[in-house]
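*Asks:* With the hints as a guide, bring both chains together as one complex.
Residues per chain, in single letters:
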Amino acid sequence: MDALLLARMQFALNISFHILFPTITIALAWVLLYFRWRWIRSRDEGWLKAYKLWTKVFALSFAIGVVSGIPMSFQFGTNWPGFMERAGNIAGPLLGYEVLTAFFLEASFLGIMLFGHNRVSERVHLFATAMVAIGTSFSAFWILSLNSWMQTPVGYEIVNGEFFVKDWWAIIFNPSFPYRLAHMMLASGLTVGFLMAGFSAYQLWRNVRTPATGKTLRTGLFIAAMLIPVQIFVGDLHGLNTLKHQPQKVAAMEGIWQTQTQAPLLLFAWPNEQTRSNDWAIGIPGGASFILKHDIDAEIRGLNEFKGEHPPVAPVFWGFRIMVGTGLLMLLVSWGGVWFLKRRQWQIGELPKLFLRVLMAMTFSGWLATLAGWYVTEIGRQPYLIHGLVKTADMAANIVPGKIVFSLTAYGLVYGFLLFAYVTVLMRLMLKAGERQSSEQDEPGSWSLSEVKS
Amino acid sequence: MIGEQSILPVIFMCLMGLALLVYVTLDGFDLGVGMLLPFGSEQEKDRMVAAIGPFWDANETWLVLGVGLLLIAFPKAHGIVLTSLYLPVTIMLLGLVLRGVAFDFRVKVHADNKQRWNRAFFAGSLIASVAQGWMLGSYITGFQQGWIYTAFSLLIALALPAAYLMLGACWLIIKSENELQQRAIRWAKWAWPLLVLGIFLISIATPLASATVAERWFRMPEFLSLLPIPLMTIATLIAARVILNSSRVKHKLRHLPFALIAIAMLWSAFGLAYSIFPYVIMDQMTIWQAASADDSLVFILWGTAITLPMIIGYTIFSYRVFTGKAQELQYG
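Chains as they are written, first to last, in the working numbering: chain S, 1 to 454; chain B, 1 to 332.
Since the hints were made in silico from the structure, they are not lab data.
Some clues are possibly wrong.
Simulated pairs of lysine-lysine, BS3-like, Cα-Cα distance not exceeding 25 Å [as the list claims (entries may be wrong)]:
(1) B/250 / B/114
(2) B/252 / B/325
(3) B/114 / S/432
(4) B/114 / S/166
(5) S/353 / S/403
(6) S/403 / B/76
(7) B/189 / B/250
(8) B/252 / B/189
(9) B/76 / S/391
Bound conformation, chain B alone (with noise of 0.2 Å):
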C-alpha cells in the first residue's frame, strides 16, 4: 500500500497515535480522579488531589503533543480536523482551563471557597472528558451527519469518560492506602462493566457506522488474523477484574489492574488504528494527501529522535521522584 510513497507519513502517524495514547492512558487516570473527587471524603479529597499534583500537568502535555503533531505532520488535516470540531474542542479547552486552575486555585482560597473549586475540578474533568469522548466519536465517522452518526458520537462521548474513571480507580489504588485505597477498589469494580459496555458498544457501532471499517474487519482471512485483538482486550479485561476480587490488589498487586487497563487501551488503539489507516481523515483524506513537505518533516523528525526518549527520560525520572503513597503536597 505503501510503495512508492514517502514514509515519512507513516511514521508521523504511528508517532502522533503514540502521543493521543500515552495522553489517554496519563491524563485519563488524573481526569478520572477529578471526576471521582465527589465521591472522596473531605480529607480523601486532599489525598486524591495529591495523587495526581505532580503529574497533570506533564501528562496533558502530551494532548499538546498530539495536536501538535497533527499540526506539524498533516497541516492540511489539522484545519478540516478542527474546524469541525470547533464546539466540541471549545468546550474542551473550557473543561480543561477550568481544572487546570481549580487545581492549583483550591489550595490557595478561604475554606469556604474551596468547595467551589472543588466542584470546578470536578466538572471540569467531566466536561474535557465527554468532550473528548464526543470528539473522538465524530473523528472515527469522518465527521458525517445523521441522527445514526451523532448517536455514535454520544455513545463513544460516554464510553471514554468510563475508561478514565476506570484509569482513575486504579490509579488510586496504587496511591492510596486503608480507606480510600477500599473506596477506590470499588470505584474500580463499579467502573469496569461501564467500561466494558462502552468497548462492547463501539465495537460493534464502528463497523456499522462505516461501510469502509466493516469491510476491512470481516474480509476473510484478514478477520482470523486480526481476531487476537478483540479477543486479548476481552482476557485483559477480564483479567483486571479478577484481581480486583483479590485481597493481593491492596499490597503486592496493586499495580496490576492499572497496567492491565492500560495494556486494554493500546490494544483498542491498534484496532483503531488498523480501522483507520491510512486515512487521517476517514474515507476522505490520506495522510499522504495531508502530509507537510519531506524536508518539514524530515527537519523535525531529527528533533523527535533527540528529544523524545530525553522526554521519556525525565517522564519516567519524575514518577520515580513520586513514586509510593501519594503524601500531603507541599511547596518548597
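Chain S extracted, bound-state conformation (with noise of 0.2 Å):
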C-alpha cells in the first residue's frame, strides 16, 4: 500500500477515535455544573450523586480525549508536513489560541474539580467545573474555526503557495464555521443525552437503583428531546450553507450525479463510481430539491459537473443516511420518552422493560450519529485539504509505508483495546453505584478512590 493511503487511515483513525471524547467532554461538563448548581440549591441527595457519578465518566473521557488529542497535534507534521509548510500562518495560531485558552484552563481547573472537594469552599469548586465547562467549549470554538477555514476558506492571500493572513475576523468567523460549531455543540448535547438516559436504563435494567438514577434518566431524555429539533433545524441551515459553498459534497451526499430539476431525495440507493450512476434507487421524485433549497422544481447541480474534484459518492451517500437516520430515531425515542414519563407521572419504576431495551440500545447513537456526520463533511471535501486550493494527496509526507504500518497497527491495537475498557469500566461504575447506595445509607461521604476500587 502506498504512504499516502496509509497516512490518511492513521489520520481517519486516530480523528474518528479522538473525537468520540469530545464529543461527550464538551456537554458533559455543562450538565456536571448542572447537577452541581442544582445540589447546591435543593441540597437533594440525587443531584450530589448524579454529580459524582458522572465526574466519573467525565475523568475517564476527558483523560482519554486529552491523550488521544495529543497525536493530532504531532500528526500535523508528522502525516502532512505539507499542510503546515504552506498554511501554517493560519493554522498555527488558531491551534495556538486553542492551546493558550482552551486546554491549560480545562487541565488546571479539572485538577481541582475533581480532586478539589475538600480542600477548596464550595464556591470555588463550582467556579472550576465552570471553568472546566468554559475551557472544554473554547476548545471546540477554536477546533472547528480551523476545520471551518479549510472548509470555506477566506481572508487570506497566497504568495508563492503560501497562504497569508489578510483578515483574521473574516478567518476565525468565516462562511461555515457558526453552522459547523452549532451542530457539533447539539451533537454532543445529543450525545450526552442519551448516554445518560441509556446508562440510567442499564442500572435500571440491572435492578439497580441510586438516587441519582430517575434524575439523570429524565435529565438526559429532556436534554435529548429539547436538543434534536433543534439539531434538525440547524442540520438544514448547516446543509444549505455547504450547498452553497461546496455543492459537490451536497451533490454526494444525495447522490444525484446529473445536473437536474426536481432532483429526487433518495431513501436507498447504491451509487457506483464506474457508470457514474445510482444502481437500485427508490427516491422520492422532487425531495431533493425541495429539502436543499425549499423548491421542488429547483435545479441541483450534479456529480458529472465536478469530475475529479468530488469527492467518494460511496461513503458520504451512506455516511449522510446513517447521520439522518439515527437522528430521526432520536427524535422518535426522546419525545416518545418524555410522553410515556409523563403518562407514568414522571415514576422511572414504572417503565416498560421494552423501553429500557431501546434506551440501552441508543446508549452509544450520539457517537454513531457524529462519527457517520464527521465523514459526510470530512471525506465530502476530498479531494482537498483546503476547498478548492490544496489537494490533500500533496500534502502527504514522505514517509516510509512499513514506519506508517507499525504505528497504524499499534495505534488500532491500543485504541481498540482502550474503547473496550472504556465501555467495560462504565458500566461497571453504574452497577457499583448501587451496591454503594445499599451498603453505604447512614454514611453520605464522598467517594474516594480506595473505596472505588476494592
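*Replies:* Structure, rendered in C-alpha cells:
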C-alpha cells in the first residue's frame, strides 16, 4: 500500500477515535455544572450522587480525549508536513489559541474539580467546574474554526504557494463556522443525553436504583428531546450553507450525478462510480430539490459537473443517511420517552422493560451519528484539504510505508483495547453505584478512590 | 547577529524553550513518579499516584504548548522535525496514551486488574521518557545518520529518564511522609549518580558530535564567559546531593532538592540554547528561515502576552490548592 493511503488511514483512525471523547466532555461538563448547581440549590442527595457518578465518567472520557488528542497535534507534522508549510500562518495561530485559551484552563481546573472537593470552598469548586466547561467549549470553538476555514477558506492571500493572513476576523468567523459549531455542540448535547439515559436504563435493567438514577434518566431524556428539533433545524441550515460553498459535497450526499431539476430524495441507492449512476435507486421525486432549496422544481448541480474534483460518493452518501436516520430515531425515542414518563407521573420505576431496552440500545447513538456526520463532512471535502485550493494528496509526508504500517497497527490495537476498556469500566461504574447505595445508607460521605478500587 | 532581522522569531524561540523547560521539569516529576511506581508497596503506590493526580494533566499541556509553538512560529521546521522523529514520536505518544489512561483506569477497575494498570502506568512513563530522550538526542545532532549519532541519541535516551527519576523522587520527598518519604530519599540518592553521569557524558559528547557546538564553546574568550554555566550546574547538583544527607530534608528543607534539580535543569537548558541558537534545526535551518509571517506571529504574540500570565496564575493557584502532603484522592 502506498504511504498516502496509509497516512490517511492513520489520521482517520486517530481522529475517529479522538472525536468520540470530546463529543462527550463538551456537553457533559455543562451537565455536571448543572448537577452541581442543583445540589447547592436543593441539597437533594440525588443531585450530588449524579454529579459524583458522572464526574467519574467525565474524568475517564477527558483523560482518553487528552491523550488521544496529543497525537493529533503531532500528526499535523508527521503525516501532513506540507499543510503546515503552506497554511501554517493561518492554522498555527488558531491551534495556538486553542492551547492558550482552552487546554490549560480545562487541565488546571480539572484537578480542582476532581480532587479539590475538600480543599476549596463550594463556591470555588463550582467556579472550577464552570472553568472546565468553558475550557472544553473554547477548545471546540478554535478547532471548528480551523476546520471550517479549511472547508470555506476566506480572509487569506496566497504568495508563492504560501497562505498569508489578510483578515483574522474573517478567518475565524468564516462562512461555515457558525453552522458547524452549533451542529457540533448540539451533537455533543445529544450524545450526552442518550448516554445518560442509556446508562440509567441499564441500571434499572439490572435492578440497580440510586437516588441519582431517575434524575439522570430524566435529565438525559429532556436534554435529548429539547435539542433534537433544534439540531434538525441547524442541520438543515448547515446543509444549505454547504450547498452554497461546497456543492459537490451535497451532490455526493444526495447521490445526484446529473444536474437536474426536481432532484429526487433517495431513500436507498448504491452509488456506482464506474457507471456514474446509482444502482437500485428508490427515491421521492423532487425531494432533494425541496429539502435543499425549499422548491421541488429547483435545479441541483450534479457530480458530473465536478469530475475529478468531487469526493468518493458511496461513503458520503451512506454516512449522511446513517446520520439522518439516527437523528430521526433520536427524535422518536426522546419524544416518545418524555411522553411515556409524563403518562406515568415521571416515575421511572413504571417504565416498561421494552422501553429500557430501547434506551440501552441508544446509549451510544450519539457516537454513531457524530462519526457518520464527520465522515460526511471530511470525506465530503476530498480531494481537497483546503477546499478548492490545496489537495490532500500533495500534502502527505514522504514516510516509508513500513513506519506508518507499524504506527497504524500500534494505534489500532491500543485504541481498540481502550474503547473496550472504556465501555466495560463505565458499565461497572453504573452497577457499582448501586452497591454503594445499599451498603452506605447512613454514611453519605464522598467516594474516595480507595473505596472504588475494592 | 540579529541585525536587520525580525526579533519575533527570537521571542518565540525563547517562549518555546520556556514551554519545553517547564514541561521537562513538571511532567518530568510525574513521569519520574510513574517510573518509581514498581518500587513502592501496594499502599504507597496509591499515595504516589495521589501525589501527581491533580497535576499530571496540566503538566502534559506544556508539551502541547511547546510543540504548538514549534508549529505556530516555525511551521517549516515543524514538518522536518516531526517526520525525522516519526518513530520515537509515535512511541512516545503511545507511552503517554498508556499512562494517561492507566492513571484513570487503575482506580476504576477490579482489584486484580489494578495490578495490570499499575504496570501499564509504569511502562507508559518509561516508554515516554526514553522516547523523549531519544528525540532530544537526535534533535541536538540535527538528525544526522551514523553510529556515533545513534550512540549519542542512545546516551540521552538514558540520561533524560535519569533526570525524571531524580525529579520524581524529589517531588515525593515534598509530598510524602514517614516510610514513603524515607524511600523517596533513598531513590533520590540512587538516581543522583545516574543524573550526574548523564549530564557529564552529554556535555562531553555534544561538542564531539557537532563541530559547530565545539567551535562555539571552546573559543576564547567565550569559553571563560561561558564557564559559569557548567560550574553552576555542578555546584547545584552537589548541593542537592549534600542536602539529601541532612535529616532536615524531611521537614524544613523538603522543597530544596526539587528546587535545586529544577535550577540545574535551567542551567542545562541555557547551555543547550547557547549551543543551538540561532538554528531551529542544527546546522540546517535558522529560526528566521523557518519562521511564520510576522503578521501571524504578532497575532499569536498578543494572545500569548494576555493568556500566559493567566495560565501561570491559575497553575500556581492549582498547585497551592493541593499544597501539603498527598492525601487520598477523592472525587467530588
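*Asks:* Are the hints correct? Go through all of them and say.
*Replies:* Here is how each hint holds up against the structure:
no.	hint	verdict
1	B/250 / B/114	violated (31 Å)
2	B/252 / B/325	holds (13 Å)
3	B/114 / S/432	holds (16 Å)
4	B/114 / S/166	violated (54 Å)
5	S/353 / S/403	violated (50 Å)
6	S/403 / B/76	holds (22 Å)
7	B/189 / B/250	holds (14 Å)
8	B/252 / B/189	holds (19 Å)
9	B/76 / S/391	holds (18 Å)
Of the hints listed earlier, those the structure fails to meet are numbers 1, 4, 5, in rising order.
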